[in-house]
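Participant: Take a look at the letters that make up each chain.
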Amino acid sequence: MNGKNFYSRRFFLKTSGALAALAAIPATVKSFYLDAKRLIIPPRQKQPLIVKVNKQTHRLEADTRTTLLDLLREDLHLTGTKKGCDHGQCGACTVHVNGERVLSCLTLAATLPGKEVTTIEGLADGDQLHPMQEAFLECDGFQCGYCTPGQIMSAVACVKEGHTKSVAEIKEFMSGNLCRCGAYNGIVESIQKVAK
Amino acid sequence: MKPFSFSKSDKVSKALSAKKEAVQFLAGGTNLVDLMKKNIAVPDGLIDISAVLSDKVEAQTVNTRIGAMVRNSALATDPQILAKNPLVAKAVLAGASPQIRNMASTAGNLLQRTRCPYFYETSTPCNKRNPGSGCSALHGEQRMSAIIGYNDACVAVHPSDLCIALAALSASVNVTDKGNKQLVIPFKDFHKLPESTPELDNHLPKDAIITSVDIPDNPFNKHFAYLKLRDRDSYAFALVSVAAALELEGNRIKDARLASGGVAHKPWRWQKAEQYLKGKEANAATFSAAAAMVADEVKPLPGNGFKKVMLMGAIETALQNCLTA
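For the protein sequence lines, the chains are H and S, in the order given.
Quick note: the first sequence, position 66, residue 66 per the working numbering, numbers continuous.
Quick note: the second sequence, position 207, residue 207 per the working numbering, numbers continuous.
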């Protein structure tokens with residue numbers, strides 16, 4: 001059989017018919033799926049949102065389910081704030097809201113209008129690092145670095161709150177930030193350095 | 001997380017009238033948002049009531065009133081709390097982390113759900129999460145389970161530290177119900193035992209809002225202690241905790257308060273031991289006898305017998321610490 005005979009008129013009609021049928025099926029299946037989905041799964045609810053992060057105001061629309069953590073990382077592309085456990089157990093997502101340290105993973109973005117958020121990206125002054133960032137570099141306050149943005153945000157607050165009178169007090173008031181590398185001694189040293 | 005509607009309320013009465021079935025009130029969110037992520041709480045909507053509730057601690061004629069929205073961190077550093085009810089500050093600081101204490105509200109602390117591992121593990125039966133499905137902890141891991149007041153339906157414990165101090169100080173809870181009626185619930189009657197409804201943690205009427213907590217003026221601001229024993233030094237829930245407070249006349253105990261967390265479905269007052277302590281000499285022998293009375297009352301599960309011994313030690317130590325506080 002040569003090539004010319006293989007692509008016969010009959011072959012062309014049969015295949016194109018079959019392809020057309022195939023193309024039609026997914027459309028019906030898809031619309032059926034969407035109908036079923038609408039019945040079973042409640043639709044997502046979006047709301048307009050104005051948030052102030054690192055002194056910049058953002059106007060966007062967000063799903064009511066969005067946490068501050070996801071808003072920062074997915075919508076504002078501020079990926080310095082890290083997602084560790086996402087359940088309020090590790091402190092990696094620590095940011096400041098109105099100057100106080102909080103967990104961004106347990107903060108719904110919808111509760112933020114009227115409040116000011118500061119993240120690790122908002123700590124430095126241009127190229128001038130925050131003293132706590134300098135101290136972490138100098139005192140080996142980290143190894144892998146994943147928990148570091150949360151540690152630094154928490155450490156800045158810890159100094160501001162005045163919980164730096166002893167190593168024991170620093171450890172107690174930094175207990176909400178876990179470090180799997182175990183860089184705790186360097187972290188405590190960094191805080192003592194800045195608190196001086 | 002299931003999609004939900006979100007609204008903010010600016011008045012208690014408006015929040016109450018907007019409240020529908022399957023809609024929940026949101027304050028600090030430290031527990032509720034987590035439960036929603038795990039599909040344990042699946043509300044259709046949230047009403048943010050953080051702006052409608054008081055965030056002030058006020059001294060009143062015979063008590064101290066703590067607004068429902070006073071954040072844990074503010075409560076622990078409030079000058080009036082430190083002067084009149086320092087036991088409360090001690091207990092608050094033993095719980096959670098600085099970040100969570102900055103978020104969590106006073107009323108939310110009362111309403112937090114148990115930390116029983118099976119309640120959180122949605123692939124296992126749990127009568128509290130899914131009524132009638134059974135209790136996994138009854139024949140499972142019982143390290144965090146109750147040693148008193150439990151039944152076959154539920155062996156979970158109440159996780160709060162603040163509530164143990166509030167129970168010890170005989171606080172009361174001020175509530176506004178759906179019909180805008182004001183109710184006062186004594187703290188001892190606020191939380192409940194599992195009974196046949198382990199899915200309910202407390203007696204807060206349906207769709208009601210806690211507006212404040214009152215602590216009656218008391219003589220327990222000099223000799224007090226809060227001792228919490230847990231699997232790590234900080235940022236962990238209690239295996240057992242003890243709030244102890246003594247009113248002393250010389251070396252004689254005029255009045256005593258003793259309550260525990262990590263032992264029951266509700267904050268637990270050790271009333272027999274309190275009665276025993278009254279009028280006795282404040283010394284090691286008295287404290288050890290009180291601890292033994294408490295130990296007689298508890299019935300540990302097969303998997304948490306250690307808690308009985310641990311509790312005895314914790315009570316002796318806490319009472320001893322009252323003398324040095």
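Bear in mind the hints are in silico, worked out from the structure with no lab data behind them.
Keep in mind that a hint or two might mislead.
Said to hold, decoys possible - Okay, derived cross-link-like pairs now, EDC-like style, lysine to aspartate or glutamate, Cα gap no bigger than 20 Å in a straight line:
#1 S:LYS37 x S:ASP48
#2 S:LYS2 x H:ASP35
#3 H:LYS37 x S:ASP48
#4 S:LYS37 x H:ASP63
#5 S:LYS84 x S:ASP214
#6 S:LYS90 x H:ASP35
#7 H:LYS115 x S:ASP48
#8 S:LYS38 x H:ASP86
Bear in mind the structure is a predicted one, so any value in this text is a computation, not a measurement.
Participant: For the pair we were handed, S:LYS2 and H:ASP35, check the Cα-Cα distance against 20 Å.
Facilitator: Satisfied, since the Cα-Cα distance of roughly 18 Å is no more than 20 Å.
Participant: Please work out if S:LYS38 and H:ASP86 have their alpha carbons no farther apart than 20 Å.
Facilitator: Distance ~11 Å between S:LYS38 and H:ASP86 Cα, so the pair holds.
Participant: Given the hint that H:LYS115 pairs with S:ASP48, does the C-alpha gap stay at or below 20 Å?
Facilitator: With Cα atoms ~15 Å apart, H:LYS115 and S:ASP48 stay inside 20 Å; holds.
Participant: Need the status of pair S:LYS84, S:ASP214: alpha-carbon distance at most 20 Å?
Facilitator: holds (12 Å)
Participant: Do the alpha carbons of S:LYS90 and H:ASP35 lie within 20 Å of each other, as the hint requires?
Facilitator: At roughly 55 Å apart (the allowed maximum being 20 Å), H:ASP35 and S:LYS90 break the hint.
Participant: H:LYS37 and S:ASP48 were given as a pair; does the straight-line alpha-carbon distance stay at or below 20 Å?
Facilitator: Violated, at roughly 28 Å.
Participant: When you check the alpha-carbon spacing of S:LYS37 and S:ASP48, does it fall within 20 Å?
Facilitator: Judged against 20 Å, a Cα distance of about 17 Å means the pair holds.
Participant: When you check the alpha-carbon spacing of S:LYS37 and H:ASP63, does it fall within 20 Å?
Facilitator: Within the cut-off at roughly 14 Å; holds.
Of the numbered hints stated above, those contradicted by the structure are hints 3, 6, listed in ascending order.
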